[in-house]
Amino acid sequence: MIKLDKDEKILLEIRKHWFILLTETFFLLFLAAIPFVLFTGVSLTHVLRFITVEGSGTSIFVALSCIWLLFVWLTFFVIWTDYYLDILIITSKKVIDIEQKGLFYRDVSTFRLDKIQDITVKVSGLIPTMLHFGNLYIQTASEEQSFAAIGIPHPDRIKWQIQDAQNNEVDALREMWMKGR
Amino acid sequence: MDVATQRRYNTYILTIHTSMNYSYLAGNITTRAPIAIPSQYLWSGFLIVILMFVILSAILAYHWVTYGYKQKRTKLIGTIYLIGSFTFIIIATMALIAYSSSL
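Heads up: the protein sequence lines correspond to chains A and B, in order.
Residue 65 in this note's numbering is what sits at position 65 of the first sequence, and the numbering runs on without skipping anything.
Position in the second sequence (from 1) plus 1000 gives the number in this note's numbering.
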């Protein structure tokens, strides 16, 4: 769970573009089609006519197909969970970068907006250009900390939104400092 | 070839064919014993699959509940996941019951 300050608001929640999820799960379509292709192939070509099974062979085939499809279904949700929990959150005060890799690796990094030094956007390739997604690199004042959000939708727009939020935060800090003097 | 010779030839061919053993052609198809898969093995395998499914589902549910901070969406996805999974499990169970009763 994400804990925010009292006066802090979530401005943006950025997940990877749907195309990334599609490319990661596309192979599952082929895996899911295997039982149906097998069944059609065997029925049409009669390649298994030499093999006879005691009892209902169709029932075994249906049971094995369902188990296969269950694991394809499960794999889809594992990939979806990875996609869903991998998120970049921009609040009015900070950036929270949550990186989920598989089910057992999770990396959460947080840095204040006023610490951002440079934001770079990279869109390369035909599909990313057509579908408006790309990479966003954030460099902070701390030398070791730089963040990369890969395959996010509308990176240009997000860059400007982060910079706006950063300007507002810097202004607010300046105002507080002026009041304090 | 005159009629008598033709008749002799036909009789000769017929004699050869009837004396030949063609049983290897059909015999392999029809006389081979069917493969018998004991239903206990299938049910044991199915139990292992269900066990693996339960463990993986618990891991997924933990992630959705602990890290998915928008409960509405994770609930919806969880429901879709469970409906799909139970459909497959129920069909597989019914198919296995059908197989066991067909033995």
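I should point out that these hints are in silico values taken from the structure, not numbers from a laboratory.
Be aware that a few hints might be false.
[Stated by the list, open to error] Quick list of in silico lysine-lysine cross-link-like pairs, DSS-like style, CA-CA up to 27 angstroms:
id : chain 1 : residue 1 : chain 2 : residue 2
1  : B       : Lys1072   : A       : Lys3
2  : A       : Lys101    : B       : Lys1075
3  : A       : Lys159    : B       : Lys1075
The model shown is predicted, which means the values in this text are computed figures rather than measured ones.
Results for each hint:
1. For the hint pairing lysine 1072 of chain B with lysine 3 of chain A, the CA-to-CA distance comes to about 18 angstroms; that is within 27 angstroms, so the pair holds.
2. For the given pair, lysine 101 of chain A sits about 22 angstroms from lysine 1075 of chain B by alpha-carbon distance, which is consistent with the 27 angstroms threshold.
3. For the hint linking lysine 159 of chain A to lysine 1075 of chain B, the alpha-carbon distance of about 32 angstroms lies beyond 27 angstroms, and the restraint is violated.
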